[in-house]
Amino acid sequence: MTNLTPTTEPSIGEAPEQLAAVADALGEKPRSALRAMLPTLTPWLIAGLSLIGAITLFGIIGPFFVQDPTIIRNIGLSAPSVDHILGTTQTGQDVFAQLAYATRGSLEIGLLVGVLATILSAFFGILGAYIGGFTDEAFSLFSNVFLVIPGLPLVIVISGFVPPKQRGLWTIAVVLAITGWAASSRVLRAQTMSIRNRDYVSAARVSGERSFRVIAVEILPNLLPVLASQFVFAVIAAILAEAGLAFLGLGASNSSTLGTMLFYAQNGFALPLGAWWWFIPPGLIIALFGTGLSLVNFSIDEIINPRLKNARLYRKRRKVALRNAAAGPRSTITPPRQAPPRSAA
Amino acid sequence: MNYFLRKLGFYAIALWAALTLNFLIPRLLPGNPVDILLAKLQQRGGIVTAETRRAYELLLGGNSDLPWIAQYWDYIVNVFRGDLGISVTYFPAPVSEVISASLPWTIMLVGIATILSTILGVGLGAIVGWKPGTWLDSLVPATTLLAAVPYFWLALILVYAFATTWRLFPGQGGYDVVLDPGWSLEFIGSAITYGFLPALTIVIASIGGWLLGMRNMMVSTLSEDYILTAEAKGLRNGKILRSYAARNAMLPSIAGFAISLGFVVSGSIVTEQVFSYPGIGSKLLTAVTNNDYALMQGIFLYITLAVLGANLVVDILYGFIDPRTRARS
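Line by line, the protein sequences are chains G and S. Residues in the first sequence are numbered consecutively from 1, following my numbering. Residues in the second sequence are numbered consecutively from 1001, following my numbering.
The following block holds chain S by itself, in its conformation from the complex (with noise of 0.2 Å):
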């Protein structure tokens, strides 16, 4: 079967698998998350209908008459027409509403710091491992030092180092707030010097797995033949490192993406939350906390999308990239 037929095959699995995930945790864990929403939709002023009822027993079940069949396709209907409820904590907004309002920001300061931490990571990680054996590859260990730290305590020494006791970054919040959102350059500034302090903690303790690997990669890959032949024709070294010995050996970090992904997603949601971040994760903690069920639901379902389409789209690349993966399928 064709190669990118085959991906986007097994991320529809994935998405169903999630889409199910979702469905059957509420029901199957403990506890009765519907009573406790709609008792505290009303403490918030919120009319309970019938109605109401119905809509949140679809999404987290409950006493439903109807057989767990026709409630999974009443779900599956519902999140495909963008219908994930209203959200307790932000009443009246509804939860797609909070999550559009939110993912923005969490889209950026992840991309932006993954793309750096990749590109600073692999770099250095194929000029360490170009040359095994100096005082710079023997030093490759302690950056296993870095991929051990927690983000979130990573975060709060930077906190505790730039912001409380030096006062160079703000470390709450992701804009100055006498400023109104938009794309004015003033407002885009604030909101670089509030990511600066967030981008640097998930940069630092993802770039250590990104230079082992690269580096353990090169180590193999320079005692290929084609390395020897390229050095026998009289390439020139950096030539041989960058044509040769570079592309080749990128390619494991490459497919290893989603796992890093998975990893740096887990990482953010810890870290927005030292800062305060307005991201999404910080706002599955608030819906946690307050027992706001349906947003809990809705930006898990958003994040794994997230995730899963990025994934898609390293796979596709991949695709491009290595024509072996499209010759073996």
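Chain G extracted, bound-state conformation (with noise of 0.2 Å):
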């Protein structure tokens, strides 16, 4: 083996080659950059795209249309019935009305947290990966601590120290922040890595750019998927990790999010009262939600990874080979066709 650095992790950089030489033996007309860098509508995406759109529509819209959340009621613990359609609390509360309510706080916060850890990510992944040398190591060093130190652990101690009253939202967001950006930073570092030394950066530089247009305008544009998925990934995390928190009574004072509701129904006795209306409903929007996020970085994941697009290619290819070589014998009159099917969409 001469090849030292193993060759298992696909970097960005490989990705138009790969695509090209993929479309060219499909016989399809390579794509332009732009196309390459958005991914293929597959059937998992549409899924994800959807549960994705449903769930931020039913946050941002639901609030508007449903009854007050905290109205009290001499109807407590009611099933589900055509006044409440997921039934109400034990203090007779309107649970689709709290739900509607409580999407809306949770993607608040998983969008505020998702944005503030990509940026930590960056700065200290592609800053450092492109200033190199000490200032690299400093900041590699800073991340990987950061990544061995458990997350939660750390942040029900640091919520425990801060007095409920000045526990707000923005608290929150900033320490799940704080303890979530290490993972991302180190992918995109070792991406940084990867362009960094790649002919049109070095001559950029030499040309005399300014490093803040090297990065933003060289090295930037070809992280974005990277970027992107990593944001997803960060916004999947601070959703669980808040509704983690807010379920142990740990979370923003005065907000409402799934997990607050989720710690209201465990005291509540909404589980052995069998109020399954009351438990399982924000659950099964935090599961969705982030299934949803999950599937569409499936789909980004094809772009910084060319073999698992080439994966899913190969198969859509020997499908139809499949089934030309059982219309085969038909055609046995006219010459034999082509023998391996070249167009595959």
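In short, the hints are calculated from the structure, not lab data. Don't take every hint at face value.
As the list claims (entries may be wrong) - Below, simulated DSBU-like cross-link-like pairs (lysine-lysine); rule was C-alpha separation at most 30 Å, straight line:
1) Lys1007(S) to Lys319(G)
2) Lys1239(S) to Lys316(G)
3) Lys319(G) to Lys1233(S)
4) Lys165(G) to Lys1040(S)
5) Lys319(G) to Lys1131(S)
6) Lys1040(S) to Lys1131(S)
7) Lys1131(S) to Lys1233(S)
8) Lys316(G) to Lys1233(S)
9) Lys1040(S) to Lys316(G)
As the list claims (entries may be wrong) - Computed footprint of chain G on chain S; a stretch qualifies when at least three of its residues, placed anywhere within it, have a C-beta under 8 Å from a C-beta of chain G:
10) 1003-1015
11) 1291-1302
What the hints assert, rightly or not - Listed below are several chain S residues computed to face chain G (Cβ distance under 8 Å; list not exhaustive):
12) Pro1033
13) Thr1164
14) Asn1216
15) Val1265
16) Asn1311
17) Val1313
In this text, a Cβ means the ideal position worked out from N, Cα and C, and glycines have one as well.
Two chains, two separate frames, one set of hints: put the complex together.
This is the structure in structure tokens:
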């Protein structure tokens, strides 16, 4: 083995050539650079986008149409009915209305933490790898240390020290971002390293471009798929972590998220009383939203790692080949068709 | 530098960072933990002397007139002596005693569940990735649902189904309270029945990530030349799958163990709370609700120590499995 660097770790830089090779084999026209950045519309991607779209719409528009979630009625723990689509809590509050507001709260915190964590990871990952030398070593050590220190225990300890009155939405978001950026920073660093030494980047540097411009114009566009995928991960992780915190009663005070709902459901003995309509919907929304985001990430992964895409295209090609082979015997009179089917689309 | 020395050095730095974080957090955040703690201690019948106060101030900061550097030094010395203060919640037990009583439960639960889910996930991932394009493979995206499910919600569902509705497994606690904890057969059996649902929660919630990572690496590995060579040599498929493809595809999964373990530990804390499991996670939450800052800090230190230790072991093993890591450094 002369190849010491593992080729099993794909880099984004390989993408264009590999994609061109596949496109060539399939007899397709090479795609433009912009098209290569966009994911192919697979059924899984459509499913993911519709899940995200539906839940986001529910979070944005839902609160305008539902009843007041705080009204207390004398119909505690009633099962779903026409008046209350998802039944009521033990104090007779409408679960569906609470769900709409809680979804909005969870989405807000997910988006906030996602943006903050992506900025942090981009700063430490891209900048460190670009500057190189001691800065890179220091940034890399810093993010590796943050990676191995378990996040949630740290967040719990921090929330434990902050008095509940001062525990606002921003506090929780900042704490979650600080504990959640390290993994993506490592991924970004690896990708930046592979792009940094390319000829066109060196050319830009030699021609006297400022560092900021080199990063923003030459490097960042190539990192967009990776950044997008890391952002999606950060949003999932943030929603899950916030739900966990809120479920433990350590979430942001006077905010309502899906985790808070589950906290009240657990404390209102929804479980032993069998009030499934109270504790199943909030978790289901988190799970479905997370699934939607991961499905979108699948498609982004195919851009980052073209081998995954090749596997799918190969599968498609073989299917066509099998179909053609099955159709083969009927057309014995005509001269044998082109052996490998070239069109797969 | 030697690979192993470098790893040891890195984990020493990580440990120091955790210790320092632990020192800084109570000092930088608002609130006055020492006064709250001493008030609680007095309620419990503890005698607050000037020395007790000083000990807590070292741990949590406060109006001490010592400079930060001196406080920091005394704090480090105290931690290395194993003196983490006295728990208010479990007064008069010292923090280290409370932790050593609950840590084995968590290590057993998280350890067994993690090993199970790793083996199952990597094994299934290898099989699915071996034949990309079959109906089994097209089901893979569905496993993301498992990875996106919040641990505690899954735990709630499992308790609702298996404990409340069907009454197959107990849903609360870590063992039958009638029995005395010990190494008797009866007690171990009871611990297994009680630990089944929490372990199942962790396995289900964490298996998706392993499966997916392994599957993706398998797909990448299968396009390598050495797989083609192995096929050309006429090796049996099972042999190629096990000795050529899976062995190489597994490496990133092992290297990514640190990230996964962090998620599992975080998830298990919340899971323990749902099951009232006598582990360290539910102790941490009891400490938080009772403002038992000394116990909180002690538990955070021990959890970090355990996670760092597990990662160090995996990293050293990785150095043996993959010689390239040693060659590069």
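* To do: Have a go at the Asn1311(S) hint: is there a Cβ in chain G nearer than 8 Å to its own Cβ?
  => holds, 5 Å
* Asked: Given Val1265(S) was flagged as interface, is its beta-carbon under 8 Å from a beta-carbon of chain G?
  -> holds, 5 Å
* Agreement of Lys319(G) and Lys1131(S) with the hint, judged by alpha carbon distance not exceeding 30 Å -> holds, 14 Å
* Under the criterion that the straight-line Cα-Cα distance not exceed 30 Å, is the pair Lys1239(S), Lys316(G) satisfied? -> holds, 27 Å
* To do: Return the status of the interface hint for Thr1164(S): holds when the least beta-carbon distance to chain G is below 8 Å, violated otherwise.
  => holds, 6 Å
* To do: Sort out whether Lys1233(S) lies within 30 Å of Lys319(G), counting only the CA atoms.
  => holds, 27 Å
* Asked: Given the hint that Lys1040(S) pairs with Lys1131(S), does the C-alpha gap stay at or below 30 Å?
  -> violated, 62 Å
* Asked: Given the hint that Lys1007(S) pairs with Lys319(G), does the C-alpha gap stay at or below 30 Å?
  -> violated, 48 Å
* Has the given pair, Lys1131(S) with Lys1233(S), been kept, meaning a C-alpha gap of at most 30 Å? -> Holds, because 20 Å separates the two Cα atoms, which is no more than 30 Å.
* Are the Cα positions of Lys165(G) and Lys1040(S) separated by 30 Å at most? -> Distance of about 20 Å is within 30 Å: holds.
* Asked: Can we keep the Val1313(S) interface hint, with Cβ of chain G closer than 8 Å?
  -> Given a least distance of 13 Å, the restraint on Val1313(S) is violated.
* Would the stated hint for Pro1033(S) survive a check requiring a Cβ distance to chain G of less than 8 Å? -> Status holds, d = 7 Å.
Of the numbered hints listed earlier, those contradicted by the structure are 1, 6, 9, 17.
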